[in-house]
Every structure is written in C-alpha cells, then in structure tokens.
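Make a model of the complete structure from these sequences and hints.
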Amino acid sequence: MGGSSCGPGAHPIHLRPPHFAFSDHHLGNLGPHSGPALVRTRCSCHALALAWTFSYLLFFRALSLLGLPTPTPFTNAVQLLLTLKLVSLASEVQELHLAQRKEIAAGFSKEPTLGLLPEVPSLMETLSYSYCYVGIMTGPFFRYRTYLDWLEQPFPGAVPSLRPLLRRAWPAPLFGLLFLLSSHLFPLEAVREDAFYARPLPTRLFYMIPVFFAFRMRFYVAWIAAECGCIAAGFGAYPVAAKARAGGGPTLQCPPPSSPEDAASLEYDYETIRNIDCYGTDFCVRVRDGMRYWNMTVQWWLAQYIYKSAPARSYVLRSAWTMLLSAYWHGLHPGYYLSFMTIPLCLAAEGYLESALRSHLSPRGQQAWDWVHWFLKMRAYDYMCMGFVLLSMADTLRYWASIYFWIHFLALACLGLGLALGGGSPSKRKAASQATSSQAREKLREE
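Oh and the sequence shown: position 409 is 409 in the numbering used here, straight run, nothing missing.
Derived by calculation from the structure, the hints in this document are not laboratory data. Ideal placement from N, C-alpha and C gives every residue a C-beta, glycine not left out. There may be inaccurate statements among the hints.
Claimed, not checked - Computed beta-carbon distance windows for the label pairs: (1) L127 to Y197: 46 to 52 Å; (2) L252 to E103: 20 to 26 Å; (3) P311 to V120: 54 to 60 Å; (4) P363 to L412: 25 to 31 Å; (5) V240 to R101: 31 to 37 Å; (6) A368 to L68: 53 to 59 Å; (7) L48 to Y197: 43 to 49 Å; (8) L205 to W371: 15 to 21 Å; (9) D262 to R192: 32 to 38 Å; (10) L421 to K308: 48 to 54 Å.
Printed below as a string of structure tokens:
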C-alpha cells in the first residue's frame with residue numbers, strides 16, 4: 001500500500017532525507033542578484049525543452065503522412081503525459097543548477113531549498129519516472145519531486161490508503177451509470193446527421209447540454225479511477241500541514257516523521273494527485289474557475305510552464321497563448337482550436353462585465369448575478385464542448401451555425417458592454433487591489 005517500489009524499470013537509488021514540501025515559486029526566491037545570465041539560462045532551458053517535446057508531438061501525430069502506422073489512442077495518451085513530465089523535469093533540473101550556482105557565488109551552503117531536487121537524476125531514474133506505472137495512460141501528471149518523495153517515503157506502512165480510496169471512489173459508479181444513460185439517449189453521432197438540422201432550434205440548442213453532461217461523466221469516472229490507482233499505491237500522499245496543490249505538490253515545509261509512530265500520527269491527504277473537483281466544475285460561477293477544477297494537474301502544468309512564460313503581459317493574451325498550446329497538446333483536430341480559442345473571449349467578457357457591474361449591485365442583486373453567471377458559464381462550456389467532441393471544422397461550424405454562434409455573439413456583446421461601462425481586465429483589477437492593499441499598509445504604518 002505504500003510507495004516502496006516504482007513499477008516497471010525499478011532500480012536502486014541513493015536514499016536521501018525526504019522533503020515533504022516545496023513551493024511553486026522557489027525559483028523566484030533565488031534573490032534579486034542572481035544575475036541576467038542565470039535568468040537567460042533558465043529561460044533557454046525551459047524554451048528548449050518545450051520546443052523539443054512539442055516538435056516531437058508534431059512528428060508523432062504526422063506519422064500517417066509519412067506512410068507509417070498511426071499511433072493507437074493508448075500510445076497517444078502515454079506520449080501526452082511524457083511531454084508534460086519531460087518539460088517539468090527539465091525545469092526542475094534547471095532549478096537545481098541555479099540554486100547550486102547561487103551557493104557557489106555566495107560561498108556557503110544552505111539548507112535544501114523547499115522542493116529542490118537533491119541531485120540530477122540519472123538516465124535510468126529519468127526513464128523510471130517517465131514510464132512509472134502510476135498514471136502512465138490516464139494521469140494525473142506529477143513532478144519528479146513527487147515521484148522521488150514516494151520512493152523515499154520513510155514509513156510507507158503508516159500512510160493510509162484504503163479509506164482515502166473509498167472516499168474518492170464512491171461517486172464513480174453513479175457517474176458511470178449517468179454516462180451510459182445520457183450517451184444512449186443523446187448520441188453524439190446524431191449531430192453529424194442531416195436530419196438533426198431539420199429539428200427545431202430549441203431542440204438543437206438543448207442537445208449540447210446532455211452531450212457535455214455525458215462528456216463530463218466519462219471523464220469524471222476515468223479521472224476518479226486514475227486517482228484511486230495513485231491512492232492504492234500510496235502515491236502523492238503528504239501531510240495535510242504541507243498544503244499540497246494539485247500537480248505542484250506541497251507548498252509548506254513539513255519535517256519528515258522520525259518514527260513509525262510519528263508517521264502514523266500525521267494526517268495525510270492526496271491533493272497532489274487530485275485531477276478533478278466534480279462539484280467545483282459543475283457549480284462554480286465563473287468560466288475562469290471552471291478551468292481550475294477541470295484536469296487540475298494539467299492546469300497546474302499549463303499555468304507553471306506556459307502561462308507564466310507567455311510572450312505577453314495581458315491576462316487575456318496570456319490565456320489565449322496558453323489555450324493555443326493546450327489545444328496543440330491535445331491534438332491537431334480543428335475542433336480543439338475552435339473550442340480552446342473561444343475560452344479567452346469568454347474570460348475577457350466575464351472579467352470586464354463583472355468588474356463593471358457586479359460590485360455596484362446589492363447583496364441580493366449579486367446573488368442573482370451569480371446564478372445568471374453560473375447558467376451562462378455552463379452554456380458556454382456546453383457550446384465549446386461540441387468542438388472538442390466533433391473534432392472536425394466542418395461539423396463544429398455546422399453545429400455552431402445552426403444555433404447562430406450565440407455564445408460568440410453573447411460574449412462579444414458582454415465584452416463591449418463591459419468596456420463601455422469602464423470595466424477592467426482581471427490583471428488590472430489584481431494590480432489595483434494590490435495597490436490598494438499597499439496603500440492601506442503604508443497608512444497603518446504612518447498611524
């Protein structure tokens with residue numbers, strides 16, 4: 001039940017004191033005098049790793065054009081996760097090099113930085129991480145640091161797995177039944193038939209709702225099962241005090257237990273490998289929040305390695321860049337791009353309109369606003385899901401045209417209204433909030 005083995009490619013390693021916690025931002029804590037050379041090295045390493053793995057994805061998906069056998073869906077799933085892992089590992093190794101260079105420049109050795117790798121992994125260790133049986137086809141994504149902490153768990157027998165597994169697994173049978181029922185009553189193939197477009201407009205509008213419902217139920221079952229596989233192996237378990245994040249791992253330092261009794265007395269969670277928050281996905285209010293609760297470990301990867309290094313400062317443009325690369329990572333089908341590139345428009349529309357109107361409403365008005373916002377958020381996801389499942393440009397545009405591209409036009413209207421009323425983008429609102437907080441702190445100090 002613990003993490004004493006790593007599956008295929010298991011190999012002896014040098015045991016080191018485990019580090020139960022690390023921070024997503026420890027690169028930023030290297031200090032203001034790390035120097036431009038270190039920044040350039042970090043950026044070039046990240047860019048090269050991303051360029052190489054994404055270039056290989058293009059070759060991998062174009063094999064049929066070269067007269068070679070097309071990869072199976074299972075092989076494609078493995079390749080997708082390999083891409084995430086290798087980019088993440090390259091960044092972790094670069095972080096280690098930067099920290100070592102800083103120590104040399106400072107002339108003394110510090111305690112290990114929160115979450116830093118103890119050493120550069122060997123080729124065998126890299127292969128073992130890349131092809132570890134945990135989540136190899138379905139995810140969730142996890143960093144090499146998480147994998148290493150699993151291997152070096154000092155008292156794996158004290159890590160609970162049965163009860164957390166049952167708590168995580170109980171909704172899966174219900175979701176499975178709902179998927180079978182909804183996909184049977186509302187088959188996706190019906191949308192590709194000419195007879196579908198002879199149906200009344202309300203029927204065509206409604207049809208995308210059960211299609212997205214079946215889509216969600218299918219992924220809920222798959223991701224819950226993947227999480228349960230991790231939990232059964234004791235993978236991704238950290239003390240609750242470490243405040244682990246999905247994908248990234250712990251964010252607070254938590255000393256390792258010194259005895260089996262100490263380990264058994266700790267409360268653990270598996271937030272590091274949580275890939276789906278079903279309630280949050282269905283009932284959060286905003287499009288922006290819905291993205292955070294869906295495929296959570298991959299969302300962390302996108303935020304850490306794509307969004308933060310995007311060639312733009314604007315929140316909307318950064319989101320567009322992230323969605324573009326996310327669509328490419330998923331595949332080359334035009335439906336992915338049509339769906340993912342609709343998200344930045346929806347994000348901009350809800351951000352500008354919300355900042356222009358919601359804060360001026362009464363508490364009851366804000367509650368009504370949130371209900372309407374939630375309803376439109378779900379319809380936007382219904383609408384975008386059709387591109388994700390229909391895949392082809394012709395089928396996607398045909399369906400969207402049959403319902404008059406209403407989400408696109410609604411988002412444009414909301415964006416225009418928000419701009420006319422003086423609403424601000426999320427990045428500007430965040431900057432304004434930080435400025436206000438700073439001024440308040442200065443005033444308190446003066447008083």
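Exercise for the section: State, for the Cβ atoms of P363 and L412, whether the hinted interval 25 to 31 Å holds or is violated. Expected result: With a Cβ separation near 30 Å, P363 and L412 satisfy 25 to 31 Å, so the hint holds.
Problem - 32 to 38 Å as the expected CB spacing between R192 and D262, which holds or is violated - result: violated (59 Å)
Problem - Outcome of range test on Cβ distance (P311, V120; 54 to 60 Å) - result: Roughly 29 Å apart at Cβ, these two residues miss the hinted range, so it is violated.
Exercise for the section: Evaluate the given range 48 to 54 Å for the C-beta pair formed by L421 and K308. Expected result: Violated: the Cβ-Cβ distance is about 31 Å, outside 48 to 54 Å.
Exercise for the section: Check the following: the C-beta atoms of L48 and Y197 are separated by a distance inside 43 to 49 Å. Expected result: About 48 Å separates the Cβ atoms of L48 and Y197, which means 43 to 49 Å holds.
Practice task
Mind checking the hinted window 15 to 21 Å against the Cβ distance between L205 and W371?
Solution key: holds (19 Å)
Handout entry: CB-CB spacing for R101 and V240 relative to the 31 to 37 Å hint
Key = holds (35 Å)
Handout entry: Distance restraint hint 53 to 59 Å, applied to the beta-carbon atoms of A368 and L68
Key = Given about 57 Å between the Cβ atoms, the range holds.
Problem - Assessment of proposed distance window 20 to 26 Å (beta carbons of L252, E103) - result: holds (23 Å)
Practice task
Could you see if the CB distance from L127 to Y197 stays within 46 to 52 Å?
Solution key: holds (51 Å)
Violation of the numbered hints given earlier is confined to hints 3, 9 and 10; the remaining hints are satisfied by the structure.
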